[in-house]
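Engineer: Fit chain B to the given chain A structure using the hints.
First to last, the protein sequences are chains A and B.
Mapping the first sequence onto our numbering, position 83 (from 1) lands on 83, and the numbers just tick up by one.
All you need for our numbering is the position in the second sequence, starting with 1, plus 1000.
Quick caveat, the hints were computed from the structure, so don't treat them as lab data.
Watch out, some of these pointers could steer you wrong.
[To be verified] For lysine-lysine, the following DSSO-like pairs were computed, each having C-alpha atoms within a straight-line distance of at most 27 Å:
(1) B:1185 / B:1003
(2) B:1021 / A:181
(3) A:21 / B:1029
(4) A:181 / B:1029
Protein chains: 2
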Amino acid sequence: MKKIPFPVIQRLSYVFEIINKLEENGIGKISSSELGGYLGQTAHTIRKDIHFLGIAGTPGTKYEIADLRRLLIDHLGFGEPKRCCIVGLGRLGEALLEQLLAIPQDAFAVVAGFDSNINRLETIRTSIELFPAYRIEKTVRKLQIELALIAVLPQQAQEAADRCCDGGVRGILNFTPAVIKPKRKGVFVRAVDVSGELRILAALAYTSTANE
Amino acid sequence: MKKIPFPVIQRLSYVFEIINKLEENGIGKISSSELGGYLGQTAHTIRKDIHFLGIAGTPGTKYEIADLRRLLIDHLGFGEPKRCCIVGLGRLGEALLEQLLAIPQDAFAVVAGFDSNINRLETIRTSIELFPAYRIEKTVRKLQIELALIAVLPQQAQEAADRCCDGGVRGILNFTPAVIKPKRKGVFVRAVDVSGELRILAALAYTSTANE
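With the rest of the complex left out, here is chain A (with noise of 0.2 Å):
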């Protein structure tokens, strides 16, 4: 199979998101134009990036969206639901869990959660099951976990981090302000960086100012 770019990958899962909630809305094709427009990219890039999954779309013609589903499904392995886990279950940890779980997801199920605090875990109500952080490992590895979503305190997030990876986790969600390296080859990570995007937003308000 063609290696598919990191860009590509990002933007195709987006679409991946788009077209199932048209879907839901009983929209049965789309152009790359109007696929450009939800993710804020001109409709050619849109083209080379489906030109990927096997489809040479052309200028002005709409794309069928069971067939754009079921290309993704096979290139990006969205048909079954990666298994998910939240390490770290105070404050954060709770609410991220508890918006997770409120909307039906279409390319992962948190599955199991996480915390060294076992008082802890008994005051939670939640429909997952919950365990002692010192079962990571085993309980990824038992119930083939595959993404981590890390929301302990930094000091904890590379341990948090190492025993994901030791249990076989393929990528990890980083929410702490700590910097995660991952363990083993293969593993990938992501950050969700809050004091980054409000620098972003900082310097997006003050040069769009400084232009006027």
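Structural biologist: Showing chain B alone in chain A's frame:
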């Protein structure tokens, strides 16, 4: 002043964070390839980005960090921290507030929090001022708040953003799964899309396995 394209602003904002940390550690110079390493970009891209600040870098020579810092402050407005508020102080909002106040910030300062539940405001212990949600517009105007982090329930997100816009914010960071459309021109909105991030990780893990 020459208009700086959005991806350049995004990268330069990150450069600002990096050089601040290097400066704290007593480092005085950095090359474009070292900066590129931090950002996952080529040295060439970094040199082109920094060229927007008026320095024509040449391969192999290092930038003075103090110069870079001053130019980033001039061009991206990082000299005076932008005032920021958090709207919605449920578990998520309170956790984000705590996280942002725990680390010294270089581009913004959280100065106010809002929640529609007045009892909630009384139970939160924090160093910043808290207000009921109906006072968003007046308070944002009075305190000259330019950035807002929205962490309310999805169904309240647009209204919360509208009130912030009415008060005069210039940038909104949306932490809800709802889509927020800015009420006024010139207001930038960025979203932290937790499901989207996990979807991308799922696709990365799958495609790298499929290519092995």
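Engineer: Residue 21 (chain A) and residue 1029 (chain B) were given as a pair; does the straight-line alpha-carbon distance stay at or below 27 Å?
Structural biologist: Status violated; Cα separation ~49 Å.
Engineer: Between residue 181 (chain A) and residue 1029 (chain B), does the CA-CA distance stay at or below 27 Å?
Structural biologist: This hinted pair holds, its Cα atoms lying about 25 Å apart.
Engineer: Holds or violated: are the alpha carbons of residue 1021 (chain B) and residue 181 (chain A) at most 27 Å from each other?
Structural biologist: It holds: about 18 Å lies between the C-alpha atoms, which stays within 27 Å.
Engineer: Holds or violated: residue 1185 (chain B) and residue 1003 (chain B), Cα atoms, limit 27 Å.
Structural biologist: The hint holds at about 18 Å.
Hint violations for this structure: number 3 only, all remaining hints satisfied.
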